[in-house]
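Using the hints, position chains B, C, D and E against chain A.
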Amino acid sequence: MTPRVKEILSWYGADSPGTLTNLARLLNHGRLGGTGKLVILPVDQGFEHGPARSFAPNPPAYDPRYHFELAIQAGCNAYAAPLGFLEAGGRDFIGDLPLILKTNDADSLDTTEPNQAITGSVADAIRLGCSAVGFTIYPGSANQYEMFGQVRAIAKEAKAKGLAVVIWSYPRGAALTKAGETSIDVIAYAAQIAAQLGAHIIKVKLPSAHIEQEEAKKVYEQQKIPIKTQAERVAHVVQSAFAGRRIVIFSGGAANFDDKALFEEFQAIHDGGGFGSIVGRNSFQRPHAEAIKMLHTAMDIHAGKAKAP
Amino acid sequence: MTPRVKEILSWYGADSPGTLTNLARLLNHGRLGGTGKLVILPVDQGFEHGPARSFAPNPPAYDPRYHFELAIQAGCNAYAAPLGFLEAGGRDFIGDLPLILKTNDADSLDTTEPNQAITGSVADAIRLGCSAVGFTIYPGSANQYEMFGQVRAIAKEAKAKGLAVVIWSYPRGAALTKAGETSIDVIAYAAQIAAQLGAHIIKVKLPSAHIEQEEAKKVYEQQKIPIKTQAERVAHVVQSAFAGRRIVIFSGGAANFDDKALFEEFQAIHDGGGFGSIVGRNSFQRPHAEAIKMLHTAMDIHAGKAKAP
Amino acid sequence: MTPRVKEILSWYGADSPGTLTNLARLLNHGRLGGTGKLVILPVDQGFEHGPARSFAPNPPAYDPRYHFELAIQAGCNAYAAPLGFLEAGGRDFIGDLPLILKTNDADSLDTTEPNQAITGSVADAIRLGCSAVGFTIYPGSANQYEMFGQVRAIAKEAKAKGLAVVIWSYPRGAALTKAGETSIDVIAYAAQIAAQLGAHIIKVKLPSAHIEQEEAKKVYEQQKIPIKTQAERVAHVVQSAFAGRRIVIFSGGAANFDDKALFEEFQAIHDGGGFGSIVGRNSFQRPHAEAIKMLHTAMDIHAGKAKAP
Amino acid sequence: MTPRVKEILSWYGADSPGTLTNLARLLNHGRLGGTGKLVILPVDQGFEHGPARSFAPNPPAYDPRYHFELAIQAGCNAYAAPLGFLEAGGRDFIGDLPLILKTNDADSLDTTEPNQAITGSVADAIRLGCSAVGFTIYPGSANQYEMFGQVRAIAKEAKAKGLAVVIWSYPRGAALTKAGETSIDVIAYAAQIAAQLGAHIIKVKLPSAHIEQEEAKKVYEQQKIPIKTQAERVAHVVQSAFAGRRIVIFSGGAANFDDKALFEEFQAIHDGGGFGSIVGRNSFQRPHAEAIKMLHTAMDIHAGKAKAP
Amino acid sequence: MTPRVKEILSWYGADSPGTLTNLARLLNHGRLGGTGKLVILPVDQGFEHGPARSFAPNPPAYDPRYHFELAIQAGCNAYAAPLGFLEAGGRDFIGDLPLILKTNDADSLDTTEPNQAITGSVADAIRLGCSAVGFTIYPGSANQYEMFGQVRAIAKEAKAKGLAVVIWSYPRGAALTKAGETSIDVIAYAAQIAAQLGAHIIKVKLPSAHIEQEEAKKVYEQQKIPIKTQAERVAHVVQSAFAGRRIVIFSGGAANFDDKALFEEFQAIHDGGGFGSIVGRNSFQRPHAEAIKMLHTAMDIHAGKAKAP
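Chains as they are written, first to last, in the numbering used here: chain A, 524 to 832; chain B, 524 to 832; chain C, 524 to 832; chain D, 524 to 832; chain E, 524 to 832.
Excised from the complex, chain A in its bound form (with noise of 0.2 Å):
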C-alpha cells in the first residue's frame, strides 16, 4: 500500500474495511497502481449506442472476451460494463482485474427525457465478483431526482455489502442548453452533487469555458475562478468534489479519434489534478495494438511519466 492510496483511502472515512479493500483494488491495480491515479476501460457503448456503431470499426470487439483482455493487457485499474457482458465473458478472467457492474443504461432508441434503466443489482455485482457498482445520474433531467433517488438506495447497498460506488454525472435535459451539459459550472455542480450522493469515484465529462447558469454566472467573476485553459478547469471541478477528497475522473469532450488531441486532454487531467480518465470508443474502436499503446501513453501521462506532445 503506497502512502498515496492511503491518503486516499483516509478521506473515506465513513466506509466499512471491506468497501475501502475494494476501492484499494482499483486503486492498486495494473500499470498504475499505487499511484492514486485510474485509468479505466468502459464499455457500455454496445447498450448505449448499438453493436454496429460501437464494434464495427474494430470487429473482435464484438466479443465480450476482447474487453477484458484489453483491458488486462493495458494495465487498466478496472473495467466497466453493463451486466450481460459481464455475465458472457467474466468466467474467463477471474481474478485477472476489478471489475465495475454498470446497474443502469440508456439506449439511443430513446426519444423521452433523458433517463435510464435499472439494468444491475448489487446482489449481480457480488454475484459476478466486482469491486465496484456504476451508476449514471443526469442532472437537469426532469427525471433527475428518482435517478437520484435510485442511485442512493444502490449506494446504500453497496456500500453495506463491502462494494464501492462509481457515479457517472452527466448533466442532460429539459433544464440546459447544449452548451450547458458541458459549461464548467454545470460539470462543478454535477461533481458535487455526485460526492453529496456518496460516490467514491466521480466520472464527469471534461468541461469547456462556457457558464450556463446566471446567478453562477455572476459568482465566477467575482469570485474571478479561473477557467481558461482545461487544467484549471478541471482544478475546479476536483476542488468542486469535497476539495479534491474524492477521486474525479474525465472523458473526453467528444468522440475524438485525434491522438494529440487526446494526449492534450490527459495532460489537462493531470495538470489540473483530476485522478485519472475512461476511455471507451477511442481506445476499443481501434486495433488492439495500437489501443495498448495509446492507454500506455494515457497512463504515463496521468502518472507524470510523460508529458502529452
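Simulated from the structure, these hints should not be mistaken for lab results. Warning: the hint list may mix true and false statements.
Since the list gives no way to pick out one identical chain from another, each pair is judged satisfied if it fits inside one copy or across any two copies.
[Claimed, not checked] When the alpha-carbon atoms are kept at most 27 Å apart in a straight line, the in silico BS3-like pairs for lysine-lysine are as follows:
| no. | residue 1 | residue 2 |
| --- | --- | --- |
| 1 | Lys701 | Lys741 |
| 2 | Lys740 | Lys701 |
| 3 | Lys783 | Lys741 |
For chains B, C, D and E alone, kept in the frame of chain A given last:
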C-alpha cells in the same frame, strides 16, 4: 451431451449448474436435440390477437392440449405459452417436453404506447415445471426502460432459481418508424440490448435491409457491413449478440403462409448462422399433419440436412 | 361427486387439492349442485350504481343479510359481494353457502378512463370463509395492463392459499366503441384473456352479433364462424375459453325486467353450452318470492329441466 | 354493556373481540356512553385550514392539550386528530378518553384534484393508545380509487391489530358539481361506499335535497323516496349504510355559528335515526364554557333527552 | 439538565427515552447548551445552489471538514448536511457535536414543480452517528402530499430508532405567489403542518406581513392578530406550532450580508419567542474568524445576553 451443446453452454460462464441444466434441456430435446439448433413452438396469439383470429383457421387449436401435442409430435425443442395455456394443459404432458412460461403479454385491444402486462412469475414457472421464463421487451417504446427493469428483475430471480431466460426483443413505439421496427440496424440493436440484459436466448424478427438510424447508417456504409442478403443480415444480428456467443433465434418478418418463402427464410437463418426459429401461426393454423411436415422440413433445414427448395 | 363435476375439475390440472376443493364447493352447492351448471348471486350494485338505484326498488335489499338469505333460499351455487357486504352479513350464515369476495370495485362517480379500486384481498377472503376471490378486468381500457397485473398477483396468491379465482371480464375503454363492448369478437377475446390470466371461472356479458375489430371481421367471415343466434354466440365464447375447458358464465346484455327475454337468454346460454348465469339486479330488485321463482326457472333452464317459454 | 350497545356490536360479525372491544370503548365512553349515540370531537382544522383560521377565534385552542380537555370535560365519546396533535397532548390524558388517529390529511394550499396525504399509520395509532384509525375518502375525485385502495390497506391492518375504522366520506372532485357534493343521492352513495370498504363508523355531511345524478333521479322519483326534510334525508342515508347496520354520524352542511340552526340539525339527525355528530369548529372556536354547554345540548338532543328549541 | 430543557422535553410526551436523549443532545450542546435556544449550522448549499456559488466566496469551505470545524469552534448546537458531506468529514469529529442528516435535497438545475430527491435514510443517519434526520417539505407544491407521506415514513422510522426529526417547511409551488411563500399566514400554516406531521424541530423562513390566502385574511383582520413587527410575526408562528410547544427556528427572509439587518432578525426571533436560527450562507461564506464572531453574537442575542445594535 454433444460437443456443440457443450460449447454453447460454455458461453454462459456466469450461470449456475441449475440454470445450465435447464438450458441444456432446451438444447437436447426433440428432433434437433444436440445440434445446437432450436425450433420452438410459441402460442401466445390467443392473448395477442384474440381467439378467433388465432384458432378459427384450425379449430382444434382452441384446445390448450393441442399445442402440447403438436410440439411433442413435431419434436420441437420447447413449447412457450402464457400462464393460462400452460396451467390448462400441462398435467397431461408432464415431462414430455421443456416448457417456457411467457411472463408478460399484450393484446390487440391496446391503443396506448406499446407495453405489456405482467402475466406470470418465476414462481409460476417453477410451479408449472418450466425450464425457462420468457419476456417481451419493446426497444424504442416510451415504456422501454420500465420493461428493461422488469425483465432484469425477473431474469435475476429466474437465474437464482435455476431457470433459463428467453427475451423476445421487438422494437416498436414512439422512437421508430414502421420500417424501422425490422430495419437491420434496429434489429441488431434489439439483439444487443437483450444480450446485455442477460438473456440466454434471444428472439428477434428477421431484419430487412432498411437502416433506420442516421448515425448507424454512416457506420454501415463506412464499414461496408454486408446486409444485402437475408443470410448476411442474420449473420450480422448473430454477431451483434456477443459475436455469436448468445443463442439468437428468429421469426419470419411477416405473417406468411407461402411455404416456399418460409423455407427460404429458414435457409437464410441457417446460412447466416442463426440458431433456429420460433414458428407459431405458421404451424398451428394449418392442419396437424401439414404442420408436422412443415416443422420437420424447418428442422432439417436448420440442421443442415435439407435445403430450401 | 358427480361424473360431470369430476370431469370439470379434471380441466384444472395445475391446481392444488385445496383450490379444487373450493371449486368443487361452488359446483356442488345448491339446486344446481353436481350438474356442472352455476347460478351465482352477485351484489356489487350498491358500490357500482349507488344504494338507491340498487335497493330502493326492493327496500329489504338494503340489508346485507337479505342477499345471503336470497341466495340460500333460491339454492344459488354461491354469493359474490364486496368486502362490506360479506363482513356485515357473513356471521349469520356461516357454512350456509359458498362465498366469493370481490376484490376490486368501481363506482358510477368515476369519470376517468375505466378502472377499479382494489377493495379486498386474499387474506380478507380467507378471514371471511370465502371459497373464491373475484376480480374485474376491463380489456380495452388504457388501464388494462395494470389491471391484468393486479389480478395475476391476486390469483397467484389465491391459488397458493387454496382459493378459486373468478374473473369478470368486461371490455370497455379508449380502444372500444360502445357497441364493441359487447361485440362477439371482443367478448370472445375477453373470455380468452381471462382464461390466459388463470381464471377458474370467467364471467362475461352476452355478446351481440356485432364485430368490432377489422382484423377479426375478416376471419369471422372467411371461417364462416356461426354467430347469428345467441346460442351460437355463446358456443363461440365457450370455445374461445380453451375449447370449453374453462367455466364460462354469462350475464344479460342489458338491464332487463322482461322475464320472457330473460328466460330466452338463459335458454341461449344453455343451448350454447354455457355454464350458467350471474343474476344480480334481475333477482334482488324484485320481491323475494318472485325472485326465488325466477331463479328456480333460471336454474331449471340451465339444468335442461325446463325450456324458456 | 347496555342492550343497545350489544345490539350495535352484533352488526359487526366479522370483527375480532379486540376490534369490538375498541368499538365498545367508543360507544361506552362519555355522556352518551351506552346510548348507542356518539358525539366526537375532531380537530384536524389546523392541518386542513391553517392555524389562524382554526384557532385564532379562541386562542387557547392553539394548544394541543386544549382539545383533549374539551372532549373530556364535555363528555365526548372520543377525540379525533392528526398525528402531531395526538403526539403532543396524549401523555397528559392517558386513559381519559378514546382516541382516533386521522391517518390522512389535506391542506388548503392544494390546487390539484382532491386528494390527501398519508400522515399516520396503524402502528402510530397503537403507539399512541388509540382505539381507532380515521381516513378520509373523496368519492368522485380522479384520485378516489387510489384512496379506496389506501383505506382498504389501512383498514385491513387496523382490524388485524384490534382497532376500529372510521371513514370520513366526502364526495368531491372532477365528477361532481359543487351542489352535488352534498346532494342526497351522492351523500347516500358516499355512505354506501364507506360501508362496503369496511368502515365501522361512517362520517358524512348532512345532505341537501338536491339530486346530482340523472340515473339516480329517476329512481328517487319512481320509488318516491322521501327526502324533503332533513330527518328524512338522514334516514335515507342511514338506510343506505346497510339498512342502519353501520354507525353513521354527521357533520353540519356548512360552517354555522347560529346555534338554533345547529340544534335543528342535531334534531334532524336524531329524528332520522342518525348515530350522532362530529362537531369540530362549532365547538373549539367558541369559549370553553359555551362549547361545553353547546355540546351537552347536542348530546341531550342525540340521546332524546332534549328537543331542539 | 436545566429546568428549561426539561420543560421543553416534557412537550414531547409521545417520544421514547432514546429520541428524547437525542433531542436533549441538540439542546444541551455548544454555547447555547441548556438555554433552550439553538443555532444550527446547515450546509446543503453545495447541493442546492452548486459548489462555486456556495463555496467560492470562502474557498476553504469546499472542504467538508471545514463546516464541522466551524460548527464546533463556534459552539453551534448541531451541524446539518447531506449524506456526502457527513460521510466525508464525520470520522475526524466523532462525538464532537450533534449531527443532523438531511434525507432529501433539491438542486437548482430543476425546472419542474418543486420537489426533492430522497438522498438519505434513517439507517444512514444511524451509521453516521447522527442525532436527528432532516427533511424538507414544500407546502403548496403539487408534490406536497407525496412529500408529506415521505417525511411521515422517515419520521416514523426515526422515532422507532431513537432519532429526532427536523422538518424544513418551505412553502412554494403552483398554489402560491412568490410573495405568498413568505407571507405570515402561509409561514404559520407551514409551521402547523410540520408540527402535525410529527416534527420535533421546525425550521421556517422569517415571515413578511403579507397575507396570501383570502380566507385567512378575513380572520387576521377580524381577530386583529398582531403581525406588524417581525417579533410579532415570529410570536404568531411560534403560537401556530402548538402554542409554542414545538421548537421553531428561523432563517433569514433573504440572502443578506448586512450584519446589522441580520442581527435585527435574530433580535426579532428572540423577542418573538423563537427558539433560534439556522445560519448557513451567512456564516460559511465569510472568513472563519468573522463567522465565529457573527455566530457568537447571534447566540448571545438568542440567549438574551446581547441586544442587536
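Consistency of the hints with the structure:
1. Proximity of Lys701 and Lys741 under a CA criterion of 27 Å is satisfied in both settings, with 21 Å inside one chain copy and 23 Å between copies.
2. In this homomeric assembly, Lys740 and Lys701 come within 27 Å of each other (Cα to Cα) both inside a single copy, at 17 Å, and across copies, at 24 Å.
3. For a Cα distance limit of 27 Å, the shortest separation of Lys783 from Lys741 across copies, 24 Å, qualifies, whereas the shortest one inside one copy, 35 Å, does not.
Going down the numbered hints, you'll see the structure goes against none, and every one checks out.
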